Amino acid sequence: MRRVLSVIAGLLIAGLAWEGYKAVGNPEGTVLFGVRVLPRADDLSMPHLATIADRLGAPELAGGRPVWQVVLDACVFTLGITAAGFVAGALIGLVLAVAMQRFRIVERGLLPYVILSQTVPLVALAPLIAGWGGVVMPPWATVAVIAAYLAFFPVAVGMLRGLQSPSASGVELMRSYAAGWWRTLVKLRFPAALPYLFPALRLAGAAAVVGAVVGEISTGTRGGIGRLIIEYSREATSDPAKVYTAMLGAALLGLLVAAAVSLLEVPLMRHRRHVEVVTL
Amino acid sequence: MRRTRIFASIIAASTLILAGCGTADETATPAPGASGALTPIKLQLQWFYQAQFAGYIAAVDQGFYKEQGLDVELIEGGVDIVPQTVLAQGKADYAVAWVPKALASREQGAGITDVGQIFARSGTYQVAWADSGIKTAADLKGKKVGNWGFGNEFELFAGMTKAGIDPGKDVTLVQQQFDMQALLKKEIDAAQAMSYNEYAQLLEAKNPATGKLYTAADFSIIDWKTEGSSMLQDAVWANTEKLDDPAYQQQTVKFLTATIQGWAFCRDNAEKCRDLVIAKGSKLGKSHQLWQMNEVNKLIWPATGGIGVIDEAAWKQTVDISQTTKNQTGDSVLTKAPEGLAYTNDYINKAVEAAKTAGVDVNGTGFAPATVTLEEGGA
Numbered sequence: 001m002r003r004v005l006s007v008i009a010g011l012l013i014a015g016l017a018w019e020g021y022k023a024v025g026n027p028e029g030t031v032l033f034g035v036r037v038l039p040r041a042d043d044l045s046m047p048h049l050a051t052i053a054d055r056l057g058a059p060e061l062a063g064g065r066p067v068w069q070v071v072l073d074a075c076v077f078t079l080g081i082t083a084a085g086f087v088a089g090a091l092i093g094l095v096l097a098v099a100m101q102r103f104r105i106v107e108r109g110l111l112p113y114v115i116l117s118q119t120v121p122l123v124a125l126a127p128l129i130a131g132w133g134g135v136v137m138p139p140w141a142t143v144a145v146i147a148a149y150l151a152f153f154p155v156a157v158g159m160l161r162g163l164q165s166p167s168a169s170g171v172e173l174m175r176s177y178a179a180g181w182w183r184t185l186v187k188l189r190f191p192a193a194l195p196y197l198f199p200a201l202r203l204a205g206a207a208a209v210v211g212a213v214v215g216e217i218s219t220g221t222r223g224g225i226g227r228l229i230i231e232y233s234r235e236a237t238s239d240p241a242k243v244y245t246a247m248l249g250a251a252l253l254g255l256l257v258a259a260a261v262s263l264l265e266v267p268l269m270r271h272r273r274h275v276e277v278v279t280l
Numbered sequence: 001m002r003r004t005r006i007f008a009s010i011i012a013a014s015t016l017i018l019a020g021c022g023t024a025d026e027t028a029t030p031a032p033g034a035s036g037a038l039t040p041i042k043l044q045l046q047w048f049y050q051a052q053f054a055g056y057i058a059a060v061d062q063g064f065y066k067e068q069g070l071d072v073e074l075i076e077g078g079v080d081i082v083p084q085t086v087l088a089q090g091k092a093d094y095a096v097a098w099v100p101k102a103l104a105s106r107e108q109g110a111g112i113t114d115v116g117q118i119f120a121r122s123g124t125y126q127v128a129w130a131d132s133g134i135k136t137a138a139d140l141k142g143k144k145v146g147n148w149g150f151g152n153e154f155e156l157f158a159g160m161t162k163a164g165i166d167p168g169k170d171v172t173l174v175q176q177q178f179d180m181q182a183l184l185k186k187e188i189d190a191a192q193a194m195s196y197n198e199y200a201q202l203l204e205a206k207n208p209a210t211g212k213l214y215t216a217a218d219f220s221i222i223d224w225k226t227e228g229s230s231m232l233q234d235a236v237w238a239n240t241e242k243l244d245d246p247a248y249q250q251q252t253v254k255f256l257t258a259t260i261q262g263w264a265f266c267r268d269n270a271e272k273c274r275d276l277v278i279a280k281g282s283k284l285g286k287s288h289q290l291w292q293m294n295e296v297n298k299l300i301w302p303a304t305g306g307i308g309v310i311d312e313a314a315w316k317q318t319v320d321i322s323q324t325t326k327n328q329t330g331d332s333v334l335t336k337a338p339e340g341l342a343y344t345n346d347y348i349n350k351a352v353e354a355a356k357t358a359g360v361d362v363n364g365t366g367f368a369p370a371t372v373t374l375e376e377g378g379a
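These protein sequences, in sequence, are chains V and Z.
Residue numbers for the first sequence follow full-length UniProt numbering, beginning at 1 and rising by one.
Residue numbers for the second sequence follow full-length UniProt numbering, beginning at 1 and rising by one.
Chain V extracted, bound-state conformation (with noise of 0.2 angstroms):
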């Protein structure tokens, strides 16, 4: 109860920040030295809230439907999108992790294209990927691969620090068991990744919304959420609020997924208690 209405709170908060602005803001903006240090206020950059609620409510086009249904149909889209690439990226990542973790000379050897692999600007990774649409996999799934791409490496990094986590006389104590590699990982070091698997995970999730929204205008993918900003971004001219449309479902998205990998935490985290025994 106290979180909802924290959250409200927040929206309020965020709400009067806008239309605050609004009021006191120079319309034509602030510009110190030639550079602009605060936006303009004027409606055209920046829509009163009641007029974008207001086009949230109006017809996409002259007899469509109303644009909150086109914005939400598209963020369930995307959702679908970011929910494969995660999911594939996480996988991914953890493979990665456990062989790495097995085997130094893996990680020695992967360590470093695994961080090289997030300096390939996305600008020239996508249209590659998108070649495959439709000849390897179907569109959509270009743009899932595009967030996977983005999702693996907090996981893959994430998960190797945890499965290194647990202390030497933890190591011993299996060894001391006669307990072979399989069993150190599922009875010491997956339980003892877990506080450092779901920061990683927060951070997957929220680089998989990033792929599948830069994915989505990059490759031009018909029904989501990316496309849609573009789309509405060139009406800017004529109807500013309907971009801020788009935007706010795009943050609506991001919202939706951070959410479902904290509700991911809530059945896993209650084995920590039980782990911290064991590595200890």
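One or more of the hints may lead you astray.
As the list claims (entries may be wrong) - Lysine to aspartate or glutamate pairs mimicking EDC-like chemistry, simulated, CA-CA at most 20 angstroms apart:
| # | chain 1 | residue 1 | chain 2 | residue 2 |
| --- | --- | --- | --- | --- |
| 1 | Z | K186 | V | D43 |
| 2 | Z | K272 | Z | D61 |
| 3 | Z | K280 | V | E107 |
| 4 | Z | K186 | V | D42 |
| 5 | Z | K206 | V | D42 |
For the record, the hints were derived by calculation from the structure and aren't laboratory data.
Keep in mind the model is a prediction, meaning the values are calculated, not measured.
Fit chain Z to the known structure of chain V by using the hints.
What follows is chain Z alone, placed relative to chain V:
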């Protein structure tokens, strides 16, 4: 034993990496000319479905491609999709692209040829407020001039150079977004706009002072066609290497024939074509789409030499500007004259003949543009 296990897992790990990063799959374009069955063709467009591509959409919808034995799939573009690259990589059979940009890709090694210059004229404007006194390129001196960059700016730069303005010194260049807010907010004095898109967006916006839509009288237009610095835009590009193959040659003629039919159909049925584009799921409103259709028709028709036939003089002007005009970073589109088969009229001439025989008006001499009223937000 231990060693083999290590190697096995290294192999496993590398397979995973490959699965994660991957390499582009080479997709073989299906051999054309199979008798009986339709030949599948992929056409890469520059952007999302809009009336700019209405001719191709209509040719699919009205079955013109099918009559030629082709099963054409239109592929939408995206922010990072470069049609001529997609074509050169063999992921599409034909692509629609602007001539200067495609020539730049050619210089970097893309093996592509202009086989049909669908848009004979350029649709690029520089738009200013009517009360600013900017009417010609020469008036831009000392002003804040918006431009899109990324190779979309060369008509503007050539026009300014021609008018005796040094684009590097005499104007303040501003990188412009793909909407017209900067002009409306008077952050810039003149903005780049396509006649069929951004200019229409201005006329769909409400003037806060009057509460009514802006009108054409509020703005003045510098048209690069009249300034003599226009460059060729939308053209159909084919894969140069494959043009050696007689089957691909035939297929190209057939493809162009149906494309001509599609554009002729949209000239005569602008409203029907607008509806086709909307049915394709375009998010742009009805009146905007009709405006775009009408403006695009103006860029094509009348086509004295037949639609798509490349005009030597216009081509030369495009190439000259591409080689000589420098943008703000001192780059020109091309460093040398295009080598090899940059364009050919061989196929379009055959296609024009074929279309004519089929009773299609390929010149559109009688074409008269309509007057389109734009609604707020293009609705």
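Numbered hints the structure breaks, given as an ascending list: 3
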